[in-house]
Amino acid sequence: MPGDAADALERAQVDASCRVPVMLFFASAVFWLVVGTLFGLIASYKLHNPLFIIELSPWLSSLLEKFSPAGTVELINASLTFGRIRPAHLNAVAYGWAAPVGLGVAVWLMARLCRVPLRFPLLVSAAGVLWNIGMFVGIGVLLSGGSTSIEWLEFPPFVSFILFLSFALISIWAVDMFVHRKPGHVYVSQWYIMAALFWFPWLYGTANMLIQLIPAQGSVQAIVNWWYGHNALGLWFTPLGLAAAYYMIPKVIGRPVYSYYLSAFGFWALALFYSWNGGHHLIGGPLPAWLITSSIVASVMMVIPVVVTAINHHMTMKGNFQVLRYSPTLRFVVFGAMSYTLASLQGSSMAFRDLNTVTHFTHYTIGHSHLGLYAFYTMIMFGCIYYIVPRLLGREWVSARLIKIHFWTCAYGIVAMVLILSVGGVIQG
Amino acid sequence: MSSEPNPPSDAANEFQEQENPALRGIDYSESTNVNQIHESILREKVDPQEGEEPISLVLIGIIGVTLLFGGIYLGRYWGAFDGMIYDERARSVVAGAATGGGAGAAGAPAAAEDPVAVALKLGKRVYTANCASCHQGSGQGAAGQYPPLVASDYVLQSERRLIALLLHGAEGPMTVKGNVYNGAMPAWEKQLNDKQMAAVATYIRQEWGNNGGPITPEQVAAARVEFASQTKAYNEAQLLAIDGPIVVK
Amino acid sequence: MLQHPENPTNTFSNIVEATKPWLRGRTISGVLILVGHLAFAYHFVLMLLKFGRADGVGPTLLAKPESAAEASS
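Residue numbers (the working numbering), protein chains in the order written: chain A, 334 to 762; chain B, 464 to 712; chain C, 52 to 124.
Keep in mind that the hints were calculated from the coordinates and are not lab data. Since the model is a prediction, treat every value here as computed from it, not as a measurement. We put the beta carbon where it would ideally sit given N, CA and C, even for glycine. One should not assume that every hint holds.
[Stated by the list, open to error] Away from chain C, derived, C-beta distances all over 10 Å, residues of chain A:
hint, residue
1, 346
2, 353
3, 411
4, 423
5, 462
6, 515
7, 543
8, 550
9, 616
10, 620
11, 640
12, 729
13, 749
14, 760
[To be verified] Simulated restraints on C-beta separations:
hint, chain 1, residue 1, chain 2, residue 2, range
15, A, 392, B, 509, 56 to 64 Å
16, B, 518, A, 516, 41 to 49 Å
17, B, 547, A, 745, 49 to 57 Å
18, A, 392, C, 82, 17 to 25 Å
[Said to hold, decoys possible] Simulated crosslink set (DMTMM-like; lysine to aspartate or glutamate; CA at most 25 Å straight-line):
hint, chain 1, residue 1, chain 2, residue 2
19, A, 651, C, 117
20, C, 115, B, 510
21, B, 584, B, 634
22, A, 651, B, 616
23, A, 651, B, 515
24, B, 695, B, 681
25, A, 515, B, 689
26, B, 587, B, 616
27, B, 508, C, 106
28, A, 515, B, 634
29, A, 379, C, 117
30, C, 101, A, 343
31, A, 737, C, 106
32, A, 737, C, 117
33, A, 651, B, 577
34, B, 508, A, 687
35, B, 587, B, 577
36, B, 508, A, 340
37, B, 508, C, 68
All chains, full assembly: derive it from the sequences and hints.
See below:
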C-alpha cells in the first residue's frame, strides 16, 4: 500500500511513461488558457467600450510604423473586432485549454488506475503537437474572419479534421491502457474517462458531418448544433471533470469514496439524460413541441445524477474539511465539485420555459456557461495540475503564495462574474 | 483506510539497495538522491476505493419525485410527438390527435369538428355537380350569358338575396360588375336540401379569393319560408328589391 | 425584466445601455481571473524550468496541517 516500495515503484514507472505527453498537454493548455483569457477580456471590454482598439490606433500606429509593414494596425483592428475575438475566446479556452488539459489528466489517471505504463508516449506527444498545430491554424483563421459562424464549431472543417485525428491518436492509447489494465476493480473514474473518450469522437464526428460536410437542412441544423454544443460540455468535459474529482477527493484525504452504488447510479443517469439536453437552447424556436419538451424534461432529470454525485462527494469529504485548509489540490477540486452541483441545478432551472423566456439571449446564459466550464471544470483541472505536476517532475511547487493568489483571484473572479452576469442578465431580460 | 504515517525511510532504503533497471527511464534531472525524488510518490495515500454505503431512502424519494415531475411535464407538453405541432400549449389539437389514434392524423380530426371546413368540402362537391357547367370551375361564368361569381356583389353582399336566388333561379338581363348578362338560372329549391344549399353558398362566398362569411342551413330553412310565395324565377328588379340595391364599391 | 411585455416603451438601445454597468463588472472580474492565470502560468513555467523545490521537506501546502500524517497535496 502507500508505504509499499514495489507499489511506489510501479507508480513511479507509470508516471515516468506519462511525463512527456502529459506535461506537453499541460504546458500547451496553460498557454492557451492565458491567450484565451486575454481574448475573453478584450471581448468583454469591447462590449461596453466598442472603440477600445480603434482608440488605441494612433498610439499603436506610431509604435508600429517604425518596424512593421503598412496595414498592420488595420489588420489588428480587424482581427480584434468582437465578431472574431469572441469565437476566438471560446475556441481557445474550449479546444486549446479545456480539451488538452482534460486529455492530459485522463491519460495520467488512466495509467495510474490501470496500473500500466503508457505505451508509445512519443506518439501521444506527437499527437499533442498536431493538436496544437490545429489550434494555431484554427485561431488564425478565426482572427482573419474565417469562422463558420456555427457556435462551438467555428473552426473550418480541415482544422476540425486535424483535431479529430489528433484526438484519435491520443485516445487510442488511453483505451489501450484500459485494455491491458492490471486485474482488479474498475474504478468510477475509469468509467467516466472511457465514456468521455468514446462520446467525444461520436459527438464531434457527427456534428461535423451533419453541419460542415453534408449539412442538414433548415432547423435540423440548429438541432444538431445545440445537440453538439451542449453535449461537448455534458458528455465530454463533465465526465472528465467528474473522473478527476472522483479520483482526487478520496486520494488526497485517503479514504474510500462514500458509496459505489451512488457512483454507478450517477454515471448511468448522466449517460441516459445528458444527450437529450441540447434542445433547451432552442425553446421558442421553430421546432416540434415534443422535441423541446423532451429536452426540458431531460434537463430537469439531470437533477438526479447531479444530486447523487454531490451527495457522494460530500459524504466522502465529511469529517475531512480541514484538509481544504492546506491542500491546494483538494481546495480547487472541491470548489469545482460544488460548482458542478450549482451549475447543473441552475441549468435545470433555466430549461423551464417560464424562466427561459426571461433569460434566453441574455448575459444570464453566459454566466451559466462560465459557472460550468470555469468554476466547475477548470477549477478541478487546476487542482489536478497541482497534484500531478510534482509527481511527474519530481519537484514540489515553488511557492504557496502563488497558489493562494491563483486560487483567490480565480475564485473571487469567477464568483463575481457569475453573480454579475446573472443579475445583469435577469434585468436585461 | 490505512492512512498510517508512511515511513519513507524503509521504502527509500529498498530503493537504494536495488539497482532497479525499471528506474532507468525515470529521469529526475541532476538529483541523485532517490530518497527525495520519490518523496511525492512515496507519501501518497491509498488509491481511491469505493465504499458500499447503500442509497438513502430520502435520496430515492427525491429521485422518485423528480421522475414523477418529468413524467407530468412530458405528458402535459408532449405535443403528441408530432412533427407538425409546434405549440406545446395546443391542448385541443393534442387531445384531438390523441383520440385520432396517432401522430399522422393530428390535423384531420380537428378539421372534422370545424363546420365551415366540412361545408367547404360538401359545397365544392355540390358546385362541381350542379353549377360548374354554367359558372365554370373557375367561377368566371361566360361572357353575355352566365355572370361570374368571383367578386360578384350578388354573391358577397346580401345573404338573403343570394339564398333566394339559389332557391328560385333567375332570368332576363342582369348587370354584374358592369357587364350585362342575359341567361336563365334554374330553381334549386327541390334538388338541394338546406345543408347542401348552405354548403354551396358558403363555398362560392369563400372560394376564388372571395371573402364572404359562411351561410348556415338554418338561414336556408328560414329563407324557404320567407320566399315561399315566389313561384317562378326572379328578374333583376325583384332581386334588387330584396335587401335593397347593389352597393357598388 | 426590461423586455417584459408590460414595459413596451423600453427601446432596444435602452436595454443595451442598462447592461453596461454589469458588463463593466464582468471585465473587472475578468481582470481578476487573468491575474490568477498569469500567476499560475508563471508558477507553471518555473516548474518547467526546474525551479521546483527538491529539498525533501514535503509538499507545498497552503497552511500547516495539524499532523504530519495528514500531509498530502
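Exercise. Do the alpha carbons of residue 695 (chain B) and residue 681 (chain B) lie within 25 Å of each other, as the hint requires?
Worked result: Judged against 25 Å, a Cα distance of about 23 Å means the pair holds.
For this session: Decide if the proposed pair is consistent with the structure: residue 651 (chain A) and residue 117 (chain C), CA atoms, cutoff 25 Å inclusive.
Result: holds (17 Å)
Exercise. Non-interface claim for residue 640 (chain A): all C-beta distances to chain C beyond 10 Å?
Worked result: Holds, since 28 Å exceeds 10 Å.
Exercise. Does residue 508 (chain B) pair with residue 340 (chain A) here, judged by a C-alpha cut-off of 25 Å?
Worked result: holds (12 Å)
Problem set entry | Proposed proximity, residue 616 (chain B) with residue 587 (chain B) (alpha carbon, max 25 Å) | holds (20 Å)
Exercise. Does the Cβ-Cβ separation between residue 392 (chain A) and residue 82 (chain C) fall within 17 to 25 Å?
Worked result: holds (21 Å)
Exercise. Beyond 10 Å from every Cβ of chain C: is that where the Cβ of residue 462 (chain A) lies?
Worked result: holds (16 Å)
Exercise. Is it true that the CA of residue 587 (chain B) sits at most 25 Å from the CA of residue 577 (chain B)?
Worked result: holds (16 Å)
Problem set entry | Minimum Cβ distance from residue 543 (chain A) to chain C greater than 10 Å, as the annotation requires | Label holds. Min Cβ-Cβ 33 Å, cutoff 10 Å.
For this session: Could you check the hint for me, namely that residue 547 (chain B) and residue 745 (chain A) are 49 to 57 Å apart, CB to CB?
Result: holds (51 Å)
Exercise. Would the pair residue 508 (chain B) and residue 106 (chain C) pass a check requiring their Cα atoms to be no farther apart than 25 Å?
Worked result: Distance of about 21 Å is within 25 Å: holds.
Problem set entry | Given hint residue 687 (chain A) paired with residue 508 (chain B) - CA-CA distance at most 25 Å | violated (48 Å)
Going down the numbered hints, you'll see the structure goes against 12, 13, 14, 16, 21, 22, 25, 28, 29, 33, 34 and 37, while the others check out.
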